[in-house]
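The residues making up each chain are set out below.
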Amino acid sequence: MKRGSAVLAVLLWSTLALAASASAQSQGRISDATQECINCHSLITPGIVADWQKSRHAQVTPAEGLAKPAQQRRISVAKVAPELADIVIGCAECHGMNSAAHPQDSFEHNGFTIHSVVSPPDCATCHPTETTDFADNLMAQAYANLMNNPVYAMMVNNTNGLAEFTDSGFHHLPADDTSNADSCLACHGTDVKVTGTVTRDTAMGEMTFPVLSNWPNAGVGRLNPDGSTGACSSCHTRHQFSIEMARKPYTCAECHKGPDVPAYKVYEVSVHGNIQKSMDKSWNYSAVPWTVGKDFTAPTCAACHASELVDENGETLAKRSHRMNDRLPWRIFGLPYAHPHPIKADTTAIVNKGGLNLPTELTGEPVSAFLISNEEMAERQRRMERVCAGCHSQQWIDGHFDRLDRSIETSNSMTLQATKILSSAWQEGLAQGLPQGANPFDEAIEMKWIEQWLFFGNSVRFATAMGGVDYGVFADGRWTQAKNLQEMADYLKFLRASQPQAEQKK
Amino acid sequence: MKRGSAVLAVLLWSTLALAASASAQSQGRISDATQECINCHSLITPGIVADWQKSRHAQVTPAEGLAKPAQQRRISVAKVAPELADIVIGCAECHGMNSAAHPQDSFEHNGFTIHSVVSPPDCATCHPTETTDFADNLMAQAYANLMNNPVYAMMVNNTNGLAEFTDSGFHHLPADDTSNADSCLACHGTDVKVTGTVTRDTAMGEMTFPVLSNWPNAGVGRLNPDGSTGACSSCHTRHQFSIEMARKPYTCAECHKGPDVPAYKVYEVSVHGNIQKSMDKSWNYSAVPWTVGKDFTAPTCAACHASELVDENGETLAKRSHRMNDRLPWRIFGLPYAHPHPIKADTTAIVNKGGLNLPTELTGEPVSAFLISNEEMAERQRRMERVCAGCHSQQWIDGHFDRLDRSIETSNSMTLQATKILSSAWQEGLAQGLPQGANPFDEAIEMKWIEQWLFFGNSVRFATAMGGVDYGVFADGRWTQAKNLQEMADYLKFLRASQPQAEQKK
Amino acid sequence: MKRGSAVLAVLLWSTLALAASASAQSQGRISDATQECINCHSLITPGIVADWQKSRHAQVTPAEGLAKPAQQRRISVAKVAPELADIVIGCAECHGMNSAAHPQDSFEHNGFTIHSVVSPPDCATCHPTETTDFADNLMAQAYANLMNNPVYAMMVNNTNGLAEFTDSGFHHLPADDTSNADSCLACHGTDVKVTGTVTRDTAMGEMTFPVLSNWPNAGVGRLNPDGSTGACSSCHTRHQFSIEMARKPYTCAECHKGPDVPAYKVYEVSVHGNIQKSMDKSWNYSAVPWTVGKDFTAPTCAACHASELVDENGETLAKRSHRMNDRLPWRIFGLPYAHPHPIKADTTAIVNKGGLNLPTELTGEPVSAFLISNEEMAERQRRMERVCAGCHSQQWIDGHFDRLDRSIETSNSMTLQATKILSSAWQEGLAQGLPQGANPFDEAIEMKWIEQWLFFGNSVRFATAMGGVDYGVFADGRWTQAKNLQEMADYLKFLRASQPQAEQKK
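Taken in sequence, the protein lines are chains W, P and F. Taken in order, the first sequence gives residues 1 to 506; the numbers are from UniProt numbering. Taken in order, the second sequence gives residues 1 to 506; the numbers are from UniProt numbering. Taken in order, the third sequence gives residues 1 to 506; the numbers are from UniProt numbering.
Please keep in mind that the hints were generated in silico from the structure rather than gathered at the bench. Don't take each hint at face value.
Any copy will do: because identical chains look the same in the list, a pair fits if it lies in one copy or spans two.
Each computed PhoX-like pair below joins lysine-lysine, with the alpha-carbon atoms no more than 20 Å apart [unchecked claim]:
| no. | residue 1 | residue 2 |
| --- | --- | --- |
| 1 | K54 | K294 |
| 2 | K448 | K493 |
| 3 | K277 | K54 |
| 4 | K344 | K54 |
| 5 | K294 | K319 |
| 6 | K448 | K193 |
| 7 | K420 | K448 |
Please work from the sequences and hints to get the whole structure.
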């Protein structure tokens, strides 16, 4: 399209769009800059404009938000800048306001300086407490904790890299960035950098844009071009940013439903999950604070791990927290054994006696120097129990946590047995792993070992923690744990039997 | 907290709570005893009080329930005691009314004698027919049928017990009560007994409570401290006891979604399940009786197995029944083969010619003396067909049941082939099982055999019975059945090859 | 029931039914023939009558449909016959109107000539464009493409046929029609023919009906007794035919949720799927055309593959199409490798250099003569990108499709490695496959090879295409792909080791 006709089109479309974008709530309170964005984008990307129009951002100004009683506020800043106070928060505000902090990815766009990748520091303009909390989160470091840990990086390579079968065995190729971004890093977050610029012929004429590496991505631990870490949009989905959506378990399920971390699968068949699915037509997912029994009658993920909960008398059961492990003493996600939570969000410094960057020894012993103390564990459990006590008696709660202790103990034991079998394989040279200085994750018996803890140990513990019965039994649970162990032992025998004859005599 | 301040707190809280608990429907009809419970518990466990306030129990008195036409009644008692007739049914009624029948678990609590574990005989005060029906159910005996059957008990032990790997093989440890309660018995029900008392420092001051073994639990075949069996709350979830929820398939999914009994997974992808998920916004899940086509347009689990169904002219399609197999001729859950339903709910007396407590021989032949007759099977099928006929022609119905017959026949055959392979392994001493007097469930090839019937045979049959296509093909269906059989045959060869040389010469 | 009393019953019931069937919208506009159907069937099959009464068919006449602006029409015929124009479309219209075109399956029924199996040509009376589009669909040929392809037919046989274990190996039996209809053909469609007649004693007295082979079935590629192919009711579920339902992903999930084609599982955990599940209470699934951002805020299957999409200014983003691959360049469902879409819906003519009826060689090379050109691929991608652009920038879109290209490339490579291992097994005689002229799908290592592409390759590609992260990693994704490959290589060694001694020396 030629520049001239493009400009004409904009003028025509603008008139239509202006009418479309006006709504009762936002009328007259949309900034001029945002209105200019909308004028074109209601035609270029109409879906996100319409989506935003349904958002609270489009309907409430920061001043109105601040006027609410503290417990009902959705923003945590004490005071907003005067130029923001009385407008609704639109395109230009999030994508254009903090340009100075975005030296790499800001660019000129129709007379405005904007950036594509809105980052936690941008959100912190109005939501500083949430942003600070979030930064203390393991999830905020999900990129670094995976990719900068040499142990896990080997596993990433074996998962996403190609293997070529030859007569003399496999030739493993390193994983490429595109596959990593499409696989592990889709949840963990990619490393987004500006790598150049590109000029495109758009409906508005020729335009120049920065080129972003590993884009698109909304992974929770994303490395942003402004140097910050994390993506609020990972859970607060663009562009409606609905608290209703963030509180529904489907948001968490995006990354927490696989066999490695079956949280949502477990929740779905738990009593809590059944109540949520069966009865939530009458729930109010948007109320702040969130009143137990009145607004909702069974916890979702958010209720136990993040939301501000009160009872009908306004008593607080749980403080809002975006540090998702504030109420979690144990990290039941075994690496390879369940262990007390790490002290710091960045876990790359953790190293065990064997020199591996793991929070436990291969024998199961926790690497205590890097993990929270018993006192901190007790305090976190106390906080979680306060949530349980919204509906359950102390005896109920005690019984529940006794089971969790035992579940951690037994699943860790079953991981230890699998580790013994793998050690035998390594020692006998039937697989090439740690003793040989080889990748410990790329042969079949090694991968069976990984599934013992990553899939089955985790499944057993998540099932106990959240009451998803079958995931503790037949669906990757205790049954599968027992079966995989037996199969590993047989596999060891089969590997021995399939060695060349000379080898077999050893 | 000291006693004095606790009492003061109660007084203050009571005032607030009193206001909170009053609702239009329950105003003036809550018993004094229940009101006292609410006064404290709206602060101690506010979620369940609010939940109960939304329940029918909180809004309708037994007298009002009895005043309805018979077909619309939710209670089956002919007449209620005068002291119950005109109050709503709250905390004190269920937890305090039948203390004499609860000699073990009743205890003094703030001037009231109450018990924690409400049991079917308590519910029978108003719902005697439902309770009696339920007692005839396999599910009501789910604890005993599993734990008191020596064959199944071995499988429980192998699933939940630890295995220790040593150079000379595995050392198996018996399963502990905590793991069993957290695993199989979470659905089957635990053995709940009073084992002592405990004094706790509560928000209301020091209080003494009975200690309950294997608590918490809402498993369907729970052994209760009052000597009764079963838990109505397994499906009628506390404390809303919503018929809407019991009729939704998510309730059944709590225990019927695993690979062993994939009923809900199958339902979800069936045409019925699609209609339910897509169209149920306009359904009335609470109407009694439940009108086909008007209140709902596709059956849920409850429609086929439990609910009172009528057409718009009031003609009955199905009688309400809490004997869930009233309309089921076959037990498609193979043990190890699908077979006619057992005559009695308690199946522990069943013994086959081989002396095993199984409803079939290892050859597949049913142990007929303990199973329903052909006549009874025909009668049950007739009842189910009456439900199908609400929407389907007789030719459609006949075609459906022809497929079920064939599905039972073929999946049983595929189980028989797997059994032949396992028998070879036992006979050759490659695994230690029945001929050796050893646990037949704890080695890899044995566990592969179990999955042949428990996972794949069941999946094929459930898929046929309910129309969940892929569960009869690639998702644990015929494909997986065929593949597992091939793998078992190869496994036999691999076990032979991995025997010590001397052994191989045999 | 005797004829006399049956007739009396009809008279009584008719009176009741007449009242029941009258509704505000359909009053006076139901044809006399349909009213007669309803009079009995509101008693015989009340569910489907009530279901139909909720349908648009029962509430809008063709003349009213035609009076709408073109973009809002749900019928594509230019003009309807006068006798149809002003009545609502009921039982007699669909089941009785085109009797002449149903010489095989028409029969006399209470004075009317009707047929049970309503076929696409029947629907074409009002919906000709949709019917024509649909006929160009791979799905419309789903029966023939599976059963008439000798390669796939071998796989059907191995999946659904019985295998008998004997000392000398397996004896494979061919699959029977009943099992096929209950398994693969439940989705693909069965071959429905009239095979005779049957007389039944019904509530209306003795009646004669045609006997239909392989009935019931609503598979998408069904062979109908009128000689036509396909079943509209596969997605437009009887008898409400709700566009809301067809647009919800649960409809597609009926056949697209298994491990072979995990589209719905992937969608469910994608951002799109999360938005749909979390926010759809406020969506309008019934609007025609469907407005992005206003009616819905994330695409369902229908949005990307079938529906007419517009923005709020009425600009078209996508034309309605029942050729589901109109916007799909690649067939990511590998056979065994992902490849450009076939040119023709009927794929039985495709043959590769090796003489197999497959769209790729066993080396991965596409059989180009039968597949769409690069130009056609580009055009289809352009159409799909127009849908993406409803919400996403071009950079976002380009990044997405770069990943899809790489995902196709890498998953195809991992299939190739597995193929090399299988070739080794065949060459060494460790399995009997193509070189031996044997079924290449019926031994364990062959079935492991099939899962490499049919389950894991497909899962990786679907996960990339739709953003369902874990299905590209741990849930049958890259992890499983890598593990299965390692296991296949070990399996080859185990097979070698388990050969008789003489054989091992080779």
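Status of each hint after checking the structure:
no., hint, result
1, K54 x K294, "between (25 Å within a copy, 9 Å between copies)"
2, K448 x K493, "both (15 Å within a copy, 17 Å between copies)"
3, K277 x K54, "between (24 Å within a copy, 17 Å between copies)"
4, K344 x K54, "neither (38 Å within a copy, 44 Å between copies)"
5, K294 x K319, "within (18 Å within a copy, 35 Å between copies)"
6, K448 x K193, "neither (37 Å within a copy, 41 Å between copies)"
7, K420 x K448, "within (13 Å within a copy, 23 Å between copies)"
In this structure, the earlier hints numbered 4, 6 are contradicted, and the remaining ones agree with it.
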